[in-house]
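S.K.: Got chain U; can you put chain S on it based on the hints?
This is what each chain is made of:
Number of protein chains: 2
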Amino acid sequence: MSVTLPRTPLYTDHYEYTMLEAALRDGSAERPCVFEVFGRRLPTGRRYGVVAGIGRLAEAIERFRFAEEDLQDLISRGVVAESTADWLRDYRFAGDIDVYSEGELYFPGSPIVTISGTFAECVLLETLTLSILNHDSAIASAAARMVTAARGRPILEMGSRRTHESAAIAASRAAYLAGFAATSNLEAGRRYDVPTAGTSAHAFTLLHESETAAFAAQIASFGTETTLLVDTYDITQGIRNAIDVAGPRLRSIRIDSGDLDVMATGARELLDELGAKDTQIVVSGDLDEYSIAALAAAPVDMYGAGTAVVVGSGAPTAQLVYKLVEVEGRPVAKRSEHKGTTGGRKTAVRRHKPTGTATEEVVVSQGEPEHQTGDKPLQVPLFRGGELTPQPTLDESRELLRQRLISIPWEGLKLSPGDPAIPVIMRHAGE
Amino acid sequence: MSVTLPRTPLYTDHYEYTMLEAALRDGSAERPCVFEVFGRRLPTGRRYGVVAGIGRLAEAIERFRFAEEDLQDLISRGVVAESTADWLRDYRFAGDIDVYSEGELYFPGSPIVTISGTFAECVLLETLTLSILNHDSAIASAAARMVTAARGRPILEMGSRRTHESAAIAASRAAYLAGFAATSNLEAGRRYDVPTAGTSAHAFTLLHESETAAFAAQIASFGTETTLLVDTYDITQGIRNAIDVAGPRLRSIRIDSGDLDVMATGARELLDELGAKDTQIVVSGDLDEYSIAALAAAPVDMYGAGTAVVVGSGAPTAQLVYKLVEVEGRPVAKRSEHKGTTGGRKTAVRRHKPTGTATEEVVVSQGEPEHQTGDKPLQVPLFRGGELTPQPTLDESRELLRQRLISIPWEGLKLSPGDPAIPVIMRHAGE
Chain U
1 MSVTLPRTPL
11 YTDHYEYTML
21 EAALRDGSAE
31 RPCVFEVFGR
41 RLPTGRRYGV
51 VAGIGRLAEA
61 IERFRFAEED
71 LQDLISRGVV
81 AESTADWLRD
91 YRFAGDIDVY
101 SEGELYFPGS
111 PIVTISGTFA
121 ECVLLETLTL
131 SILNHDSAIA
141 SAAARMVTAA
151 RGRPILEMGS
161 RRTHESAAIA
171 ASRAAYLAGF
181 AATSNLEAGR
191 RYDVPTAGTS
201 AHAFTLLHES
211 ETAAFAAQIA
221 SFGTETTLLV
231 DTYDITQGIR
241 NAIDVAGPRL
251 RSIRIDSGDL
261 DVMATGAREL
271 LDELGAKDTQ
281 IVVSGDLDEY
291 SIAALAAAPV
301 DMYGAGTAVV
311 VGSGAPTAQL
321 VYKLVEVEGR
331 PVAKRSEHKG
341 TTGGRKTAVR
351 RHKPTGTATE
361 EVVVSQGEPE
371 HQTGDKPLQV
381 PLFRGGELTP
391 QPTLDESREL
401 LRQRLISIPW
411 EGLKLSPGDP
421 AIPVIMRHAG
431 E
Chain S
1 MSVTLPRTPL
11 YTDHYEYTML
21 EAALRDGSAE
31 RPCVFEVFGR
41 RLPTGRRYGV
51 VAGIGRLAEA
61 IERFRFAEED
71 LQDLISRGVV
81 AESTADWLRD
91 YRFAGDIDVY
101 SEGELYFPGS
111 PIVTISGTFA
121 ECVLLETLTL
131 SILNHDSAIA
141 SAAARMVTAA
151 RGRPILEMGS
161 RRTHESAAIA
171 ASRAAYLAGF
181 AATSNLEAGR
191 RYDVPTAGTS
201 AHAFTLLHES
211 ETAAFAAQIA
221 SFGTETTLLV
231 DTYDITQGIR
241 NAIDVAGPRL
251 RSIRIDSGDL
261 DVMATGAREL
271 LDELGAKDTQ
281 IVVSGDLDEY
291 SIAALAAAPV
301 DMYGAGTAVV
311 VGSGAPTAQL
321 VYKLVEVEGR
331 PVAKRSEHKG
341 TTGGRKTAVR
351 RHKPTGTATE
361 EVVVSQGEPE
371 HQTGDKPLQV
381 PLFRGGELTP
391 QPTLDESREL
401 LRQRLISIPW
411 EGLKLSPGDP
421 AIPVIMRHAG
431 E
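For the protein sequence lines, the chains are U and S, in the order given. So for the first sequence, the UniProt record's numbering puts the first residue at 1; every next one is plus one. So for the second sequence, the UniProt record's numbering puts the first residue at 1; every next one is plus one.
This is chain U alone, in the form it adopts within the complex (with noise of 0.2 Å):
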C-alpha cells in the first residue's frame, strides 16, 4: 500500500472521550473488560453474513494515535480537560482482539469481535470498529449473494459513483472479497491490489461526429483486447458497427439499458452471424442479485453490477453493535427490554456432519463448547498485546469464503427470504 491514511482517533463519538474522562478522575478506567461486537439479526430474509473489514480495521487501529493537533482540537472544543490528553498523548491499544475471520460467515449472536483490555483502551474503539465493519459487512453479504446469484459467471463492481468516495474503495474491496472478478475503483487498485477493468462510457461516443469514429478511436488505443458500449443510439446498428471497426475478434461488447435478457439473446444471435463467434457479452444496468439471477438463460459473458451493490442491495449497514460484557471477570449486560444481550466472553465453534456440511454454532459464555467431531473454532487472533499479529491476504480470505458458501446447507444459498442458515446456540459455561 503506497498511500499514507489518515490518523483514526477522532473517528469516534464525543461520548467516548466523555465516558473516557469520567473514568479515568473516578478510577474504573483501568478495569479490565471485554467488549463483543455482534449482530441481533440479520437484515430481514437474509440468511448468512459476511464478516468483512477485518483487515481494514487492523489498519485503523494501528493509526489510531495522537497527534499534538488532535489533542488540542478536542481540549479547544471542550471534549476533553488537559488531564485526559496527556493520558490520551501516548494512547495505544495494547490489549487483545479475537476475531471472526474476514471471509467467515456470522449469524444473529456471533461474537465475531471480543476486544480485551482496559475500559479506556476499549472504549476508544467503538465507533471506529462499527464503521468499518457495519459497512464492509453489508457490502460483502449483498454481493456474496450477488455472486451465488451469477453461477460462475464473472461480475465487475462499478459502483463507486453512487456512493462516498471513501466507502466506494472499502466496498470495491468487499465485493472483491466476496467474489467479485475486478472493480471499477482505480483506488482499490492501487491499495488493495484489486483487478481494476473499464473501457468507455457514453460519453466517449457521443464525443465522436459518429458512433463508428469513437469505435474506431478505442480500437486505435486498446485493439480488439476492449468492450465497446453499443447502446448509445441503436444496439443492433451498433453491434454491427462494432464488429465492422475491431472485426470478428473483438474481445466483448457492453450493453447498459433495455430489457436485458432481451438484449442479449438478440445480440448473441446477431454476433454469431457476423462471424464474433467469440465476442462476449457484457450487461449491466441496476443490476441486482435478483435481476442476475433471472439472467441465467440469457447468453451473458460477464455482469457489471452497480448500484446495488454499494449500498448493501436494501442493507446498506450490518447493524453490528459493540458491547460492554464482562467487566474485571464478572459477566454484565443491559436488562430494560428488547435490548437484552448475554454477558461473558464467549467461545464460538461451527459444529459440521461427517460430510462437511455446518449445522450450528455454538457459543459459550465463559467457558468453551463441548468438544465434538467436526468441531471447527470461529475465532482467531487479531491483536495480542498490542501487536498485530499476522493476517491472511484479501485473496486467503476470499477462498475462505468460498469455502464457507459450499459448507452451509444449500437452503443458506437462496435468494428468497428465509432463517438464518444455520441456528446459534447460545449457552452459559456449565449448562
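No wet-lab data here; the hints were simulated from the structure. Backbone N, C-alpha and C define an ideal beta-carbon position, used for all residues, glycine too. Just to be clear, a hint being listed does not mean it is correct.
Cβ-to-Cβ under 8 Å is the rule here; a few derived chain U residues that face chain S [stated by the list, open to error]: (1) Thr-307; (2) Thr-317; (3) Ile-408.
Ranges of calculated distance between the beta carbons of each label pair, as one might list FRET restraints [as the list claims (entries may be wrong)]: (4) U:Pro-381 / S:Glu-396: 22 to 32 Å; (5) S:Asp-272 / U:Gly-314: 38 to 48 Å; (6) S:Gly-418 / U:Asp-193: 28 to 38 Å; (7) U:Glu-411 / S:Ala-294: 31 to 41 Å; (8) S:Glu-209 / U:Gly-78: 50 to 60 Å; (9) S:Arg-402 / U:Glu-269: 51 to 61 Å; (10) U:Gly-418 / S:Arg-41: 38 to 48 Å; (11) U:Glu-273 / S:Ser-83: 35 to 45 Å; (12) U:Gly-356 / S:Asp-90: 38 to 48 Å; (13) U:Asp-26 / S:Pro-248: 21 to 31 Å; (14) S:Gly-152 / U:Glu-411: 45 to 55 Å; (15) U:Val-262 / S:Glu-387: 46 to 56 Å; (16) S:Arg-153 / U:Arg-384: 28 to 38 Å.
M.R.: Just chain S, lined up with the frame of chain U:
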C-alpha cells in the same frame, strides 16, 4: 480545517482514463464539452431533494492533482500509457463549473451541476463528483424530512457507527446542513465546525458497581450540565437514581429503548414529581422521520437519530448521473430506450407566486427562460477558469435550505409518498 485530506485523482473509475487515453490519441480530447449532473427521478415518493456536498466537491477538485507515485501506479498497472501520464502530470481542472447552491432544493431534471471545459479535463471528474453529491445529497434529503418531522425540536446525529468511517464525517456535515443541531462525530466537529455532543453509553453504567455509582462519576466530571442515560436496567429506578445523584437541576436524561412515547410520558411525570421540572428528555433508538413525527405529542425535548439518517432512510444514494450534453456547441444525448436525456447546456430558474411560494422550475436548453416576475436563477459559479470562487459557509447553506423549505407548496413537506413538490418544465431554446 486543520487536517490534510488525500489527493483524489484515483478516486475515479478506470474507464475515465481509458477514454482519456483514446481521446488524446485521436485528438478529440480537446473538444469543448459541457457535462451535466442531474437526477432522472427522486427516490420513490419523495417530494424534493436537497443539494449537498458542493463544498466538499470544491475541495476534492482542488485536490485532484497527480503526484509522481499516482502516475507510476497508473502506468504500472496498465491503466494508462506513458504519454497519457505525461499529459496528466500537470493536470488541473481549468474550466467552469456552475452549481445549484448547497442547501438548494432539486427535482427530477434539475441541472444541479454544469461542468464546462475540454472533454479531457471534464471526463476525469465524473466519478468523484457523483460519489460526493450522491452520498451527501441522499443524507441531507433524508435528514431534512426528519427536521420537518421534529417540528422545531433539536435532533442530534449519532449514526457514525452505522456507516463507513469517512462517510460518517460527510453524513454529519450533511445532517447539520439539513438542520440537525449537532453530531456525535468528532472529526466532523474538527473538519467542518459542526457542534458535537455526547455523554455516555450503557457501557459506562455497566462498568460500575451500580447505576448510582456510574451517575455519580459522570456528575463528578461534568456537573449537572450533562445527560444521564437511564435505561440500562429499569427506567423508573434509573430516573430516581439520576435525580437522587444529580438533584433536580440535572440538564437531561436519555432513553434509548422501549416504546419511546410511553417511556417519555412516564419519565416526564416522574421527573415533575421529583421536582426536576426543567430536566429535559432526550430519546433515541432507531428513529426515522416517521417515528419522530409519531412522537410529536410526547414530552420529548430532543431526538437522537442514527442509522436512518446515515443510510438516507431508505434511499442511500441520490442516483444522480453525470452526462455529456454538449460537444463544440452541439447538443448531444444518448438515444437508446429508457435513458433518454435532453442535450445542451441548461439554464434554470424557479418561478414563484407573488406570495413567494414556488410554482415550477423552468429549464431551457441552449437558451434562457423568458423572464417573469418572481423568477429566481438557480445556478451560481463554483469554478471560473479553474479558480474556485468564494463560497457560502455551511451555516449560510443551512439557512438557505431553511428558507427554501418554507418556499415550496405545503404539500411538499408531507412525509407521505407523493409527486415532486413542483414540476420541472424542460424546454429547448425558442420553444
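S.K.: Go through the numbered hints given earlier and state which of them the structure violates, listing their numbers in rising order.
M.R.: 3, 4, 6, 8, 10, 12, 16
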